[in-house]
Amino acid sequence: MKRLFSHIMYYKGFYLAGVLALLVISFYVAGELSMRHAELSEQTGPLKFLSLAWQVEAVEAVQEITNEWNRQHPDQSVEFIQGSWNAIHDYLITGFETGDIPDIFHYESAIVVDFALRGYLADLAPYISDEMRNDILEVDWASVTRSTGEVVGIPFINESFLVLYNQELLEAAGISTPSFEEPWTWDDLSEAAGKLTLDKNGDGITDQWGIGMGMRRSANFIMNHSIAFGGSFFYENEAGQLETRVLEPERELLGRISDMLYVDKTMSPSSVGKSGAEMIPGFLSGQYAMLAGIGTWARQQVAENASEDFRWSVMPPVKAKTQAMGLNTQTLSVPKSCTRQALAMEFIEFLLSSENMTRLAASDWMMPTRKSSLKDPRFQDDASGWKMVTQSAQYLSAGPWVGLPGYIEWKSRVANPILQEYFAGRISLDEAAERIERESNSVLARYQVRGLKW
Amino acid sequence: MFSMQLFKRGMIKAVLHMLILTYLMYLLFPLLWMISTSFKPTPEIYSGIPTLIPEVFTLDHYVSVLKEERLLKSILNSLYVGVITSVIVVLISLPAAYALSRYKTSINKAVMGWILTTQIFPAILIMIPLYMILRSLQLTDTLAGLVLVYVVWDIPFVLWMLQGYVKEIPVELEEAAAIDGATQSQIIYKIIMPLLLPAIGASVMFAFITAWNEFFFALVLLKSPDLSTLPVELARFTGIEGQARTGPLAAASFMATIPSIILFAVLRKWFASGTLQGAVKG
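Protein sequences appear in the order of chains L and F.
Under this note's numbering, the first residue of the first sequence is numbered 1, with each subsequent residue one higher.
Under this note's numbering, the first residue of the second sequence is numbered 1001, with each subsequent residue one higher.
Among the hints, erroneous ones may be present.
Calculated cross-link-like contacts (lysine-lysine; reagent style DSBU-like; alpha-carbon spacing at most 30 Å) [as the list claims (entries may be wrong)]: (1) L:K265 x L:K411; (2) F:K1190 x F:K1167; (3) F:K1104 x F:K1190; (4) L:K48 x F:K1073; (5) F:K1067 x L:K48; (6) L:K336 x L:K453; (7) L:K321 x L:K371; (8) L:K200 x L:K265; (9) L:K48 x F:K1223; (10) L:K274 x L:K387; (11) F:K1167 x F:K1104; (12) L:K336 x F:K1223.
To spell it out: a stretch of chain F is covered by chain L in this simulated footprint if at least three of its residues, at any positions, have a beta carbon under 8 Å from a beta carbon of chain L; those stretches are [to be verified]: (13) 1041-1047; (14) 1131-1139; (15) 1239-1249.
Just so you know, the hints here were simulated from the structure itself, not pulled from any lab data.
Every residue, glycine too, gets a C-beta built ideally from N, C-alpha and C.
Using the sequences and the hints given, assemble the complete structure.
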């Protein structure tokens, strides 16, 4: 024993090297086996489907449809994974880079487009049935189709902005509400906001604001509404590239909102620092008579959380030059690395059949993208503003920024912060316009150098 | 004159107590608000009228949270990960901290420098290489893999903290024990360990709470819904554009703080027990 010990001590260097080598080899073998196992399970295991449905009814709907698929296709099952809107971006980026990514994932068109430009996504065009192609609105296809014809996601629910109003407060102020046939103009909206802004007890402090609008991250709202003013922030230059310009139409929209805040004082100042969701309690408590710039989803929050005697409704899109409005679409995409793209698309077709899409959209309180689903009686009902939302689909329009390389960075690093400063009254309109143009074009230039093309 | 001084002292004390109370309220208010929200019916949460005491008291949100099997499973997963992580972190860091502070070698400074350097990197920066390594070891989508990451993530700070505590213990205590015939292991386990109980308690707390609250690694490394931890499950109560199921989220968040509170209550005794006062006569 003593001899063995002294032998080991004498040759400890060799033994140490041997142990290290063994460790390295075992790690390598384990790694190789793991990769092969992963590859094998990618080809034979269940397809992984990451959904961002989060409301109880929406999660149940997706799960039940997935279960139905699994019952009908026992050999080609799909595993439902519930993701989180808060962390989806980092989750997907890590997944794309490591190759460990769900076979089908739910996200939104504006960002999916960015993924496609980086080469992460499969072209689904060859797998889409004629029935689906013809039934989904053209404007939705435009938001996910490249100039080469590649389709990088299947649009299934539409998000657009609304104006909700408190019927009781409008009636009390003697204001007649707009109909789909006779919508309000922005002047009408400002005038009504003025009538609805009240200091009820005469203490010099406003108790009821005409309008509230969550503007913590207002770029989406501003971009989508600029179209109705004849603007779009992005214009083609002589070289055929898009560049940012803040022209008269964009200035008019920005100026109108700023005036409601600081000149007319009809918009609640708390709008500046809050998100749309955070404005809802104020709307329900009568602090704001109208809630503008909020998504169609907000109706669910209002319908489910308002007291029984709270009467509310939805306005048609407010008219500037037109009622056109940019859209944001939720999509299902398949990564390029997926080895069973045809099967993944087969599942998507099942999940987004007309009947299923109707159910998914209704459970999420958003507009379906299929024309046949829009005709469903659920979306034609006046209750909770469904009919108005469905009718407004005709005004949806894909802005020129769809597919613009760098748009996501532009929105988060340039537009949102500058607009927040402007609406907080810290900078003038001229300064905001000048900064948006300057900072935007330096961001876009970085992407243009890379030669990315939609 | 004497009573004036007493009055002044009393006033200073009162002001200090007021300041501490204000600070405590500042720290406690979000927790109180969360607890209050968890007991309010949804229309009251959305009423826009802020009240700390619910007008109508309800347990509906707790019932709805407890009905969600995945949330309960995620609490167990988080407990498992937190407990195992804190035990391993302390087991590794304690001897390492002792060695670093008692045995002066040329690499000590380099080791401590490296420990500090590791704290600079944000999680997102190391996520992709870390994921590749764990995948090659078949440790992605396993709680063991997550524990390994948390152990590696926590050790530098705990080691740094513990070696500071070890340095505070006078070497004379060890020398006296050695003169009395104690072996090295007896010195460590019978002399040093009891004196380090507050530090061990703090380390356990730190490692547990870090693992209990951590979100990003758990989100990316664990793919199977059955393995997800509590913070990942809580994130699923929130939706797009700041929407949230506020009531259930508050109830689940309050439930999530309970283990930390219990752990702190259990370890509180340790924090006060390791006094060195009078250990060495000057």
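>> For each hint given before, does the structure comply? Return the numbers of the non-compliant ones in rising order.
In response: none
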